[in-house]
Amino acid sequence: MTAQPTERHLQPVPPGDNNDRGGKAQPLLIVQNLQKYFPIRGGVLNRKVAEVKAVDDVSFSVMKGETLGIVGESGCGKSTLARLLMHLMPRDKGTLVFDGDPVDEPHGITLRELRRNMQMVFQDSYSSLNPRLPVVDSIAYGPTVHGVATSEAKIKARGLLEKVGLRPDLFGGRYPHELSGGQKQRVNIARALALDPRMLILDEAVSALDKSVEAQVLNLLGYLKRHLNLTYIFISHDLHVVQYISDRVLVMYLGQVVEIGPVDRIYNAPKHPYTRALLQSALEIDPEHRIETPPLVGDPPNPINPPSGCRFRTRCPYAEAICERETPKLGKAAENPAEHVAACHITNPVAGHSMAGRTLQSLPVEASAPRALAAAL
Amino acid sequence: MADTNNPTPPKRPLVEVRDLNVNFVSREATVRAVNGVSFDVMPGEVLCIIGESGSGKSVTMRSLMQLHPKKRTRITGSMRVGDHDIMALSDKEMNAVRGRVISMVFQEPMTALDPVYTIGDQIAETVMRHEGVSKAAAMERALELMQMVKVPSPERRLKAYPHELSGGLRQRAMMAVALSCRPALLLADEPTTALDATVQIQVLIVLRKLQEQFGMGVIFVTHDLGVAAQIADKVAVMYAGRIIEYGSVKDVLLKPKHPYTLGLMASTVHGQNRDQDIDAIPGSPPDMRFLAPGCSFAPRCKLAQPECLASFPEPNDHGNGHMSRCFRTAATTPAMEMGIA
Ligand SMILES: Nc1ncnc2c1ncn2[C@@H]1O[C@H](COP(=O)(O)OP(=O)(O)OP(=O)(O)O)[C@@H](O)[C@H]1O
Ligand SMILES: Nc1ncnc2c1ncn2[C@@H]1O[C@H](COP(=O)(O)OP(=O)(O)OP(=O)(O)O)[C@@H](O)[C@H]1O
Ligand code: SF4
Ligand SMILES: [Mg+2]
Ligand SMILES: [Mg+2]
Chain F
70 MTAQPTERHL QPVPPGDNND RGGKAQPLLI VQNLQKYFPI RGGVLNRKVA EVKAVDDVSF
130 SVMKGETLGI VGESGCGKST LARLLMHLMP RDKGTLVFDG DPVDEPHGIT LRELRRNMQM
190 VFQDSYSSLN PRLPVVDSIA YGPTVHGVAT SEAKIKARGL LEKVGLRPDL FGGRYPHELS
250 GGQKQRVNIA RALALDPRML ILDEAVSALD KSVEAQVLNL LGYLKRHLNL TYIFISHDLH
310 VVQYISDRVL VMYLGQVVEI GPVDRIYNAP KHPYTRALLQ SALEIDPEHR IETPPLVGDP
370 PNPINPPSGC RFRTRCPYAE AICERETPKL GKAAENPAEH VAACHITNPV AGHSMAGRTL
430 QSLPVEASAP RALAAAL
Chain S
137 MADTNNPTPP KRPLVEVRDL NVNFVSREAT VRAVNGVSFD VMPGEVLCII GESGSGKSVT
197 MRSLMQLHPK KRTRITGSMR VGDHDIMALS DKEMNAVRGR VISMVFQEPM TALDPVYTIG
257 DQIAETVMRH EGVSKAAAME RALELMQMVK VPSPERRLKA YPHELSGGLR QRAMMAVALS
317 CRPALLLADE PTTALDATVQ IQVLIVLRKL QEQFGMGVIF VTHDLGVAAQ IADKVAVMYA
377 GRIIEYGSVK DVLLKPKHPY TLGLMASTVH GQNRDQDIDA IPGSPPDMRF LAPGCSFAPR
437 CKLAQPECLA SFPEPNDHGN GHMSRCFRTA ATTPAMEMGI A
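Chains as they are written, first to last, in the working numbering: chain F, 70 to 446; chain S, 137 to 477.
The set of hints was computed from the structure by calculation and includes no laboratory data.
Values in this document were obtained by computation on a predicted structure and should not be read as measured data.
Among these hints, one or two may not hold up.
The calculated label-pair distances, taken between Cβ atoms and stated as ranges, are [as the list claims (entries may be wrong)]:
#, chain 1, residue 1, chain 2, residue 2, range
1, S, 428, F, 92, 53 to 61 Å
2, S, 413, F, 246, 54 to 62 Å
3, F, 202, S, 438, 30 to 38 Å
A few chain F residues that don't get close to chain S, going by computed Cβ distances all over 12 Å [stated by the list, open to error]:
#, residue
4, 155
5, 191
6, 356
7, 370
8, 371
9, 398
10, 409
11, 425
12, 426
Ideal placement from N, C-alpha and C gives every residue a C-beta, glycine not left out.
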């Protein structure tokens, strides 16, 4: 019924994608200094009384054909970042460059072109499909808006259902409420693929699914990526899933990128104290190795009034005076996709942190924790 | 927990559920949510019920508190908690048992906490209602409870309203309310599912410590195998309204026997080789309105044979209280070694 599509449906794309404009080494997406603050209004005049720094000076790039995983605690700005990339909300600042072309600027590509090339799949598979349309029509809708004839769009939609492992004759005419969660998420993926995008942003796209169904959808994503030359941004709070699917990983904390690098280097030797604590909090399926002391105490601070300097300092075991005074930066190296960098004073030999230059692995897990904890409260 | 060489006679279970069946009846259909579930929980023991969405985990647990809509629910079997025969309790008696003998924490604490009262007032109110102590004494107890569940700055948080707390703190405040009368049995329905990994582990560690300290029995529902590995003494795996595997946490998670448990382990992403597909279970769970006879997992099972569709398998005894219900148990052991190692 929901069997994996077999390899004969699709042939691998020949090397040298027709759509490739900038060349192989040109990142598919470059994000520079992206910022989004949400105003908080209050008082009798409904004036802006504060702001949530949801995405604050975020820069990174996504290489062609890779999967970039994004992790971080709830509220750290992952979904806001995804929406900004999709231009689903206006940004305060920042530039986006898609395959060498600036987006929505005089000499660049238009928003319409960007949207064709970049599609998004959300967690909430229920609300994102029109309940009154058979799913084949939902999938065909995007192409018809972009000028494809209805009959042609439907043929394409049926082909896409096939690709995501749903038999069009059985499933095409069904309404969303007649599908299981996993089937709905397959339809969402098919719909996102309808305009032949080059990049998919998957925001918690498998999080609501049961494990057995999640595995099917992850396999499907791998299959589609291999055969359609896709690039993924994969947002998830499941650290095991991110490790499995990603080539590189970006770690966010309170609206900022705190670490980015190749997946194995991040998982084997994290450089930021937050990343280490986050990874240590992931539970293993092994009752013989239980976690006895929590890797991190407290909850993330309020994003309305983030701590000065390093935003992690209120929970960090190594926080020192410098961490309160100065904001650690990722630095220029972050633009190089082969680099593994973290925004922590410890990683900077000249920042003035007493442990500067040492690797995290050589430091005690609990340093001056009580002081950091006191500051957090 | 249970030491087989221990000469002293085993304690009486805190919870005894026998042949529980729960059907939800409506004009259109009957949902057969729970189909002959039996289990025990010893005092001071944590039983985790794991299984996919719709497998009947919450319905099983909610039955112990009579939380189903009376009119539409057909429920048979027996349930005992402490000295209480749950099926025989009147509404009034059940109310007295709730909170004092059995209490419950949910995934979404906002449904359990009253938004118009401070956390402190809610805990104190529960303590006063059940123990008849003064307001001052109840408030002191509330502070103690907030310290116990490791809420930072507990004095300040007692004066806070639920919406003023983060998700993790709210979850801990709900635990404080649930523990306020030292229940013998705590029912926890996915209490950490909505939390971040860093906060989830804090809550699990606190819960485990308190459970040991109070000698409290816990039934913990989760679909996360990692959570079960972290907190359970015993694990029951449910599929389509039945317990298809049961045993100590080590037996079930390290030596699983049922093809569904094996499939669940294999399809849960935990460090698999990135270059290979995950060994996913094909298909999806059955519709609980139209359950076929036989093993409900048969349509998705690699090892299924015609006999699997004929009747529901009797329990296989794997020793040490480890049980599975599968006709093909002889075939699972080599399959397991290939699938998991
Ligand atoms: N439209 C909005 N107006 C005001 N604040 C917002 C808005 N959208 C998001 N926020 C705030 O911005 C911050 C970042 O939210 P975002 O949804 O991006 O987080 P997230 O990392 O996706 O979290 P989760 O893991 O829970 O999905 C949060 O503090 C959130 O409350
Ligand atoms: N009040 C009700 N009326 C009708 N059907 C119900 C009712 N409550 C639960 N069900 C059905 O009973 C079955 C078992 O549901 P239950 O809530 O126990 O699943 P679960 O294992 O807890 O799943 P989840 O992991 O999604 O919470 C489902 O098919 C559900 O739709
Ligand atoms: S050491 Fe300082 S800069 Fe590094 S994470 Fe801790 S607080 Fe931030
Ligand atoms: Mg989000
Ligand atoms: Mg449930």
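*Violations among the numbered hints, reported as their numbers in ascending order*: 2, 6, 7 and 8
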